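Peer 1: One-letter residues, chain by chain:
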Amino acid sequence: MTSSPMPRVPASGDYMGRVRSEGGRLKTATAVIPLRRVEATVPKVRLQGISLSYTQSNGRLLALDNIDLKVEAGEFLCIVGPSGCGKSTLIHLIAGLHHPSSGSVLVDNKPVTEPGTDRILIFQELGLFPWLTVGENVEFGMKMKGVSKAERREQTERYLRLVHLAQFKDSYTHQLSGGMRQRVALARALATEPDVLLMDEPFAALDAQTRDLLHDELERIWAETGRTIIFITHNVREAVRLGDRVALMTFRPGRIKREYGIELPRPRQLEDVTVAKAAREILEDLREEINKSIEEQYGAKEFQQ
Amino acid sequence: MKRFARHAVFYAVLIGAWVLLAALKIWPPYLFPAPKGVVEALWAGFADHSFWIAIAISMKRMLIGYGVSVVLGMILGLGVASNKFLEETMGGLLVSLQSLPSICWLPLAVLWFGLTEKAILFVVVMGSLLSVTIAMEDGRKQMPKIYGMAGRNLGAKGLQLFWYVLLPASLPYIVSGLKQGWAFAWRSLISGEMIFVSLGLGQLLMMGRDLNDMSQVLAVMILIISIGYVVDGLVFKTVERRLQHKWGLLPAA
Numbered sequence: 003m004t005s006s007p008m009p010r011v012p013a014s015g016d017y018m019g020r021v022r023s024e025g026g027r028l029k030t031a032t033a034v035i036p037l038r039r040v041e042a043t044v045p046k047v048r049l050q051g052i053s054l055s056y057t058q059s060n061g062r063l064l065a066l067d068n069i070d071l072k073v074e075a076g077e078f079l080c081i082v083g084p085s086g087c088g089k090s091t092l093i094h095l096i097a098g099l100h101h102p103s104s105g106s107v108l109v110d111n112k113p114v115t116e117p118g119t120d121r122i123l124i125f126q127e128l129g130l131f132p133w134l135t136v137g138e139n140v141e142f143g144m145k146m147k148g149v150s151k152a153e154r155r156e157q158t159e160r161y162l163r164l165v166h167l168a169q170f171k172d173s174y175t176h177q178l179s180g181g182m183r184q185r186v187a188l189a190r191a192l193a194t195e196p197d198v199l200l201m202d203e204p205f206a207a208l209d210a211q212t213r214d215l216l217h218d219e220l221e222r223i224w225a226e227t228g229r230t231i232i233f234i235t236h237n238v239r240e241a242v243r244l245g246d247r248v249a250l251m252t253f254r255p256g257r258i259k260r261e262y263g264i265e266l267p268r269p270r271q272l273e274d275v276t277v278a279k280a281a282r283e284i285l286e287d288l289r290e291e292i293n294k295s296i297e298e299q300y301g302a303k304e305f306q307q
Numbered sequence: 102m103k104r105f106a107r108h109a110v111f112y113a114v115l116i117g118a119w120v121l122l123a124a125l126k127i128w129p130p131y132l133f134p135a136p137k138g139v140v141e142a143l144w145a146g147f148a149d150h151s152f153w154i155a156i157a158i159s160m161k162r163m164l165i166g167y168g169v170s171v172v173l174g175m176i177l178g179l180g181v182a183s184n185k186f187l188e189e190t191m192g193g194l195l196v197s198l199q200s201l202p203s204i205c206w207l208p209l210a211v212l213w214f215g216l217t218e219k220a221i222l223f224v225v226v227m228g229s230l231l232s233v234t235i236a237m238e239d240g241r242k243q244m245p246k247i248y249g250m251a252g253r254n255l256g257a258k259g260l261q262l263f264w265y266v267l268l269p270a271s272l273p274y275i276v277s278g279l280k281q282g283w284a285f286a287w288r289s290l291i292s293g294e295m296i297f298v299s300l301g302l303g304q305l306l307m308m309g310r311d312l313n314d315m316s317q318v319l320a321v322m323i324l325i326i327s328i329g330y331v332v333d334g335l336v337f338k339t340v341e342r343r344l345q346h347k348w349g350l351l352p353a354a
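Residue numbers (this note's numbering), protein chains in the order written: chain Y, 3 to 307; chain D, 102 to 354.
These are computed hints drawn from the structure, not numbers from a lab.
All values derive from a computational prediction rather than experimental measurement.
From the three backbone atoms N, C-alpha and C, an ideal C-beta is built for every residue, glycine too.
Just to be clear, a hint being listed does not mean it is correct.
As the list claims (entries may be wrong) - Residues on chain D that point at chain Y, a partial pick, calculated with CB under 8 Å:
{"hint": "1", "residue": "248"}
{"hint": "2", "residue": "251"}
{"hint": "3", "residue": "253"}
{"hint": "4", "residue": "254"}
{"hint": "5", "residue": "256"}
{"hint": "6", "residue": "257"}
{"hint": "7", "residue": "260"}
{"hint": "8", "residue": "261"}
{"hint": "9", "residue": "267"}
{"hint": "10", "residue": "269"}
{"hint": "11", "residue": "348"}
{"hint": "12", "residue": "349"}
What the hints assert, rightly or not - Sample of chain Y residues facing chain D (criterion: CB under 7 Å; computed from the structure):
{"hint": "13", "residue": "119"}
{"hint": "14", "residue": "123"}
{"hint": "15", "residue": "129"}
{"hint": "16", "residue": "132"}
{"hint": "17", "residue": "142"}
{"hint": "18", "residue": "143"}
{"hint": "19", "residue": "146"}
{"hint": "20", "residue": "147"}
{"hint": "21", "residue": "176"}
Stated by the list, open to error - In silico EDC-like pairs for lysine to aspartate or glutamate, Cα to Cα no more than 20 Å straight-line:
{"hint": "22", "chain 1": "D", "residue 1": "258", "chain 2": "Y", "residue 2": "273"}
{"hint": "23", "chain 1": "D", "residue 1": "258", "chain 2": "Y", "residue 2": "138"}
{"hint": "24", "chain 1": "D", "residue 1": "246", "chain 2": "Y", "residue 2": "116"}
{"hint": "25", "chain 1": "D", "residue 1": "347", "chain 2": "Y", "residue 2": "116"}
{"hint": "26", "chain 1": "D", "residue 1": "246", "chain 2": "Y", "residue 2": "127"}
{"hint": "27", "chain 1": "D", "residue 1": "347", "chain 2": "Y", "residue 2": "172"}
{"hint": "28", "chain 1": "D", "residue 1": "242", "chain 2": "Y", "residue 2": "127"}
{"hint": "29", "chain 1": "Y", "residue 1": "145", "chain 2": "Y", "residue 2": "159"}
{"hint": "30", "chain 1": "D", "residue 1": "246", "chain 2": "Y", "residue 2": "203"}
{"hint": "31", "chain 1": "D", "residue 1": "258", "chain 2": "Y", "residue 2": "195"}
{"hint": "32", "chain 1": "Y", "residue 1": "171", "chain 2": "Y", "residue 2": "159"}
Isolated chain D, as found in the complex (with noise of 0.2 Å):
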C-alpha cells in the first residue's frame, strides 16, 4: 500500500504542476493543453471509435508482424547457434544489422511491396527479427548441455527434440528477448505507421500534428504508451513469472 501511495502521491504532483503550467498560460492553449483537454481528447477519440479502430489496426499489425519474427527467429537462431560455419558468418552480420534502426527499412519496403500492408509488416519483422533471433541463439548456447543429452538419451529425435526439449529448456533465457523484440517492433510499428499514413496509431498521432491539435497528439501518445506498458507489464511479466515459478528460479509466491 506504502507503495501505491508513493505512485499517487507523485503522479498527483505531476499532474498539478502540469495544471498550474497550463492555467498560468505562458504558451498558447494549442502548444500546451490543459489536462482537461487531454482527457476530453481520450474520450472523444473512443466515443467515436476512431481511437478503438487504430489500436486494432495497430494490434493486428504487431501480432501478424511479431508473430512472423519469433518464428523465423527461432528457427534462424537455432540454426547460428547450432552451426559453427554459420555462428562465425551470419552471427556477425546479424549483431552489425541490428544497429540499423528499423525505420531504414521503410524505403526499400515501400519500393519492394508498394504502399500496401506487407511494407508495413516488413518494417515491424525488420525491427524485431533480429533481436529475438540473437535471443534464440543465446538461449540455445546459456541452456545446460545436459537437457539434449537426456533427451536424445531418452530417445527424441530431431523435430521431437526441437520440440520437446530444446525450445522448452531455452525459453526462460529468450523470454526477455522475446520481451526486446515486442518492444523494437511496437517502436518500428508506430514510426512506419507515422510515416506511411494507412490507419493505426503512428497516423492517428500524425493526424493531430496535421489538424494542430495538440490534445490529441497527446491523448495518443499516452494511448501508446499504455498499451506498452500493458502488454510488457502484464503480458511478459506474468509470462516471466510463471516460468520461473515452473521452473523453480523464484520462491513460490
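The following block holds chain Y by itself, in its conformation from the complex (with noise of 0.2 Å):
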C-alpha cells in the first residue's frame, strides 16, 4: 500500500533554518515530523529569494517576500495559505507568466523567463478553450510544439483514457460537469509532458465528492506519470491528504512560514484519523495567518482571540 512505483526523493534542504516560528520551537507530532537537513542532487524546481511587489494607489504593496523553496523531482509538494497570501502569484511566477522583482525561478538549474511546457500550470479557473472539444483542447499543447498529427491523436487518447473521458473526445467543454472539466484541464497539461505540473486550486470549486474522487485520481495518475508537482490549495486537509510535503505561507507579505513533512502511507484519504491529525497542528499554524488577513481586510479585531 505505501509503495509507490517511483523512487521517492527524500524531502531535501535546510528547511529548518528559515522557519519564522514563534520561539524555534518545533512541534512535531506522530504525523507531522521534522523535516531532516539532507544536501541532494539539483533540485527540480528552486526559488531563490524571490521577491514581488506592486505599485499601489497608496504607495507600493510587497506581496511575495525572499520565499526559497526547493522541490525534488517527482515530490508532490502543497503550499497552503490564507487567500490573498500571494500563493497564486507564486505559481505564476514558477509558470513564468510573471516576473519576480527580485531573485529567480530554477527549473533544472536554469533559470525561468517565459512560459515553458516544461511546467504546464492548470488554473483555478482552468482556462479551457470553449471554441475546441475536449480532444482538441487535449491536443493543443502538442500542436504548439509541432507533434505531428498521428502521435497528437494517439497522445489525446491515451491522455483522456487516463483521466476516463475517452468517450467524450468530440464534446464542448460546457457540455462537462465540473468535475469533468477538471480532468480535461488534467488531460490537457499531461498531454504536453510536463516535468513539473502546476495547480492552482484546481478542485476549491467542486463538491465534495467529486473533489474525493479527483484527489484519488490525481494521486493515482502522479504515481503513474512520474511527475513533479505544485499543488496551491487553502484547504490544510487537501494539502495534508496528497502532499509529501506542506509549506505554509504567511499573510502579506507571503513568506514561507513553515514546512512540513507528511509521511503517512498511500492511498491516504480525506477521511483518514492520521490526515486530520496532521492537518489540525498545521492549521493551528495557518489559524494565525487568516487572523491577520481578517483583520487586515475587514479591520475587524475582534475576530482574532
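Each chain sits in its own coordinate frame; assemble them with the hints.
Peer 2: Here you go:
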C-alpha cells in the first residue's frame, strides 16, 4: 500500500533554518515530522529569494518576500496559505507568466524567463478553450510544439483514457460537469508531457464527492507518471491528503512560514485520522495567518482570539 | 406559425393599402406606381439580366472592400488594444473619425484614384474599417485574460497565439462589430455607386431616377433591402447562433 512505483526522493534542504516559528520551537507529532537536513542533488524546481511588489495607489505593496523553496523531482509539494497571501502569484511566477521583482526561479538549474512546456499550470478557472472540443483542447499544447498529427491523436486518446474521458473526445467543454472539466484540464496539461505540473487551487469549486474522486485520480496519475507536482490550496486537509510536503505561507507579505514533511502511507483518504491529526497541527499555525488576513481585510480585531 | 400569420396579415394590409392608394390616383402613376408596376419592373430587370449584373458587381465590391477592412481592422484593433500608447492616441482618433459619414471620403478617393474601381472600394473600406477596428479592440479587451495566459502556458507564442487563441477567443465579442461593419460597408457602397456612376445597384437606382421610372426605383430599393436582410438575417445570424451554441452561451437548440 505504501509503495509507489517510483523512487521517492527524501525531502531535502535546510528547511528548518528558514522556519519563522515562534521561539524556534518545533512542533512535532506522530504525523508531522521535522524535516531532515539533507543536501541532495540539483532540485527540480528552486526558488531563490523571490520577492514581488506592486505599485498601488497608496504606495508599494510587498506581495511576496524573499521566498526560498526547493522541490525535488517526483515530489508532491502542497503550498497552503490564507487567501490573499500571494500563493497564486507565486505559482504564476513558476509558470513564467509573471516576473519577480527580485530573485529567480530555477528549473533544472536553468532560470525561468518565459512560459515553457516543461512546466504546465492548471489554472484555478481552468482556462479550457470553449471553441475547441475536449480532444482538441488536450491536443493543443502538442500542436503548438509541432507534434505530428498521428502522434497527437494517439497521445490525446491515451491521456483522455487516463482521466476516464475517452468517450467525450468530441464534446465541447460546456457540455461537461465541473469535475469532468477538471479532468480535461489535467489531461491537457499532462499531454504536453511537462516535468512539473503546477496546480492552482484546481478543486476549490468542486463538490465534496467529486473532489474526493479527483484526489484519488490525481494521486494515481502522479504515481503512474512520476511528475513533480506543486499544488496550491487553502485547504489544509487537502494539502495533507495529497502532499509529500506542505509549505505554509504567511499573509502579506507572503513568506514561507514553515514546512511540514508528511510521511503518511499512500493511498490516503481525506477522512483518515492521521490526515486529520496532521492537518490540525498545520491549521493551528495557519489560523494565526487567517486572523491577520481577516483583520487586514475587514479591520475587525474582535475576530482574533 | 402564429408569428408567420401575424406577418402575413401585416404585409397583406400594407400592400392592400398601397393598391388602394394607387387605385385612387391621388398622385400620377409615374410618381406613385401600383405594386403591380413594381413587380413588373423587378421581373423585367431580372429577365434582361440588368439586375443580376448589378447584384454581381455590387457584391463583388462588397466582398473585396469588406474583406480588406476585416483584415486591416483586426490588425489595427489588436494593435490598438495591446499598446497603451496607441490606445490613448489612435483610439481617440478612430472614434472621432467614425462620426464622419463614409461618403465624405468619396471626393478624396476620386482625387487620389480617379474615376476607378479603386475609388469606390476605398469608400467601402473607409465605411466599415472603423467599426471593425473598434469591435476588434473591444473584443480583445472584453475577452477573458485567462485564454491568453492558458495559451502562453501551453506554449503558444506570437502569431500562433494570435491565430489559435486570441482570435477565436475574441470572436463572440467581435461578431456583432463585424455585422455592423458589413452594414456600414453596404450603405457606403450604395451611396458611392449612386454618386459615382459605374454599374452596380446604386447606379441602377439613379438610372431609375434619370428615366423618371419610379417602378424601377422602388424595385431596386426592394432589392437593396432584401440583400441586406438576407446577409444580416441569414449569414450573420447563423454565424452568431453557431458561435453561441458552440461556446455554450445558448441552450442546445
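Peer 1: Each hint should be assessed against the structure and marked as holding or not.
Peer 2: Hints, one by one, checked against the model:
Against a cut-off of 8 Å between C-beta atoms, the interface hint on residue 248 (chain D) holds, since the closest Cβ of chain Y lies about 6 Å away. Hint status for residue 251 (chain D) relative to chain Y: holds, with the closest Cβ pair at about 3 Å, below 8 Å. The beta carbon of residue 253 (chain D) comes within 5 Å of a beta carbon in chain Y, closer than 8 Å, and the hint placing it at the interface holds. With 8 Å as the threshold, the beta carbon of residue 254 (chain D) comes within range of chain Y, its nearest partner Cβ sitting at about 5 Å, so the hint holds.
Residue-level restraint check for residue 256 (chain D) holds (minimum Cβ-Cβ distance to chain Y is 4 Å; threshold 8 Å). Taking 8 Å as the C-beta contact cut-off toward chain Y, the hint placing residue 257 (chain D) at the interface holds, the least distance being around 5 Å. Interface hint status for residue 260 (chain D): violated, as the beta-carbon distance to the closest one in chain Y is roughly 11 Å, over 8 Å. With 8 Å as the threshold, the beta carbon of residue 261 (chain D) comes within range of chain Y, its nearest partner Cβ sitting at about 6 Å, so the hint holds.
Annotation: interface hint on residue 267 (chain D) violated; nearest CB of chain Y at approximately 11 Å, more than 8 Å. The interface hint given for residue 269 (chain D) is met, as the beta carbon of that residue sits about 5 Å from the closest beta carbon of chain Y, less than 8 Å. Proximity of residue 348 (chain D) to chain Y holds as hinted, the smallest CB-CB distance being about 5 Å (cut-off 8 Å). For residue 349 (chain D), the suggested interface contact is upheld, since its CB lies about 3 Å from the closest CB of chain Y, less than 8 Å.
Annotation: interface hint on residue 119 (chain Y) holds; nearest CB of chain D at approximately 4 Å, less than 7 Å. Below 7 Å, beta-carbon pairs count as interface contacts, and residue 123 (chain Y) has one with chain D at about 5 Å; its hint therefore holds. For residue 129 (chain Y), the shortest C-beta to C-beta distance to chain D is roughly 3 Å, which falls under 7 Å, so the interface hint holds. Using the Cβ-Cβ criterion of 7 Å, the hint placing residue 132 (chain Y) at the interface with chain D is satisfied: the shortest such distance is roughly 5 Å.
Below 7 Å, beta-carbon pairs count as interface contacts, and residue 142 (chain Y) has one with chain D at about 5 Å; its hint therefore holds. About 4 Å separates the beta-carbon of residue 143 (chain Y) from the nearest beta-carbon of chain D, less than 7 Å, and the hint is met. Annotation: interface hint on residue 146 (chain Y) holds; nearest CB of chain D at approximately 4 Å, less than 7 Å. With a cut of 7 Å, the hint placing residue 147 (chain Y) at the interface with chain D holds, because the nearest CB-to-CB distance is about 6 Å.
About 3 Å separates the beta-carbon of residue 176 (chain Y) from the nearest beta-carbon of chain D, less than 7 Å, and the hint is met. This hinted pair does not check out: residue 258 (chain D) and residue 273 (chain Y) have alpha carbons roughly 44 Å apart, beyond 20 Å. Between residue 258 (chain D) and residue 138 (chain Y) the alpha-carbon distance is near 18 Å, which keeps this suggested pair within the 20 Å criterion. Our distance criterion of 20 Å between C-alpha atoms is met by residue 246 (chain D) and residue 116 (chain Y), whose separation comes to about 17 Å.
Of the supplied pair hints, the one linking residue 347 (chain D) and residue 116 (chain Y) is violated, its CA atoms being roughly 32 Å apart against a limit of 20 Å. With a CA separation close to 11 Å, the supplied pair residue 246 (chain D) and residue 127 (chain Y) stays within the 20 Å bound. For the proposed pair residue 347 (chain D) and residue 172 (chain Y), the alpha carbon gap of about 12 Å is at most 20 Å, so the pair holds. For the proposed pair residue 242 (chain D) and residue 127 (chain Y), the alpha carbon gap of about 18 Å is at most 20 Å, so the pair holds.
Simply put, residue 145 (chain Y) and residue 159 (chain Y) have alpha-carbon atoms about 15 Å apart, close enough for the 20 Å limit, and the pair holds. Only pairs whose Cα atoms come within 20 Å are accepted, and residue 246 (chain D) paired with residue 203 (chain Y) is accepted, the gap being roughly 18 Å. This hinted pair checks out: residue 258 (chain D) and residue 195 (chain Y) have alpha carbons roughly 18 Å apart, not beyond 20 Å. With a CA separation close to 8 Å, the supplied pair residue 171 (chain Y) and residue 159 (chain Y) stays within the 20 Å bound.
Consistency with the previously given hints fails for numbers 7, 9, 22 and 25, ordered from lowest to highest.
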